[in-house]
Structures are given as structure tokens and as C-alpha cells.
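Visitor: Sequence:
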Amino acid sequence: AVIYTWQALLVHSNIRLPLGPLRFWIVGPEFHHWHHANERAAYDRNFSGQLPLWDILFRTAHLPGRLPERYGVDDPVPGDWLGQIAYPFRRPRPEEGRAAEGEG
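My numbering numbers the first residue of the sequence shown as 1 and each following residue consecutively.
The calculated label-pair distances, taken between Cβ atoms and stated as ranges, are:
1) Pro94 to Leu9: 34 to 42 Å
2) Ala86 to Arg59: 25 to 33 Å
3) Arg59 to Val2: 28 to 36 Å
4) Trp54 to Ala1: 17 to 25 Å
5) Ser13 to Tyr87: 22 to 30 Å
6) Gly79 to Gly20: 33 to 41 Å
Keep in mind that the hints were calculated from the coordinates and are not lab data. Values in this document were obtained by computation on a predicted structure and should not be read as measured data. Cβ atoms here follow ideal geometry from the backbone N, Cα and C, with glycine treated the same way.
Let the sequences and hints guide you as you build the complete structure.
Guide: Here it is, written out as C-alpha cells:
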């Protein structure tokens, strides 16, 4: 449990820790930052929490050799805790659906 917690804190930290060849065996900050990136190429990528092997096998790994320029989402997220928990389960507003259809 201690190692798991330490690794979870590590991947969410804002540090540069290049893992070299280990990046294919251990999820580090560089890999996990792309999970939170707001760039089209990073959407639905880097789901693995500890072992990048799963993303490699399922072809969802994304590690372009640079850090993301943007993080998060474009639309406003609720400021309260309960609102943030419920946010992913809400129905999109009609204008959000039209904007998503126009992308890509």
C-alpha cells in the first residue's frame, strides 16, 4: 500500500523525471500527464495507473516526447466537491453536443 500510494503521488506531481527505457514498464509523471492533457491526440489515452503495458497492448499509449501544453477540460467545472463528483455523469447541454460533432 505504501508503494502504491507513493507511486500515485509521484505520477500526479509536477516534476520532470525521465524514466528512459523504464517508461515502458512503470507509469511515471511524463506518461500520466498525457492522461490529463487537453489536446486532441491525447483524448482517451494513457489509462494505466502503474503498468504502461496495458496501454501498449490496447494501443492507447501516447508518449510523444514532450509535455502537454494544456490540461483539463474546456467547459467550466463546478467549484463544489459534490458537483465535481457528479460532473462526468451529467447530460451535455445541446450546444456542447453540436460543438463536439463539429470537431475532428
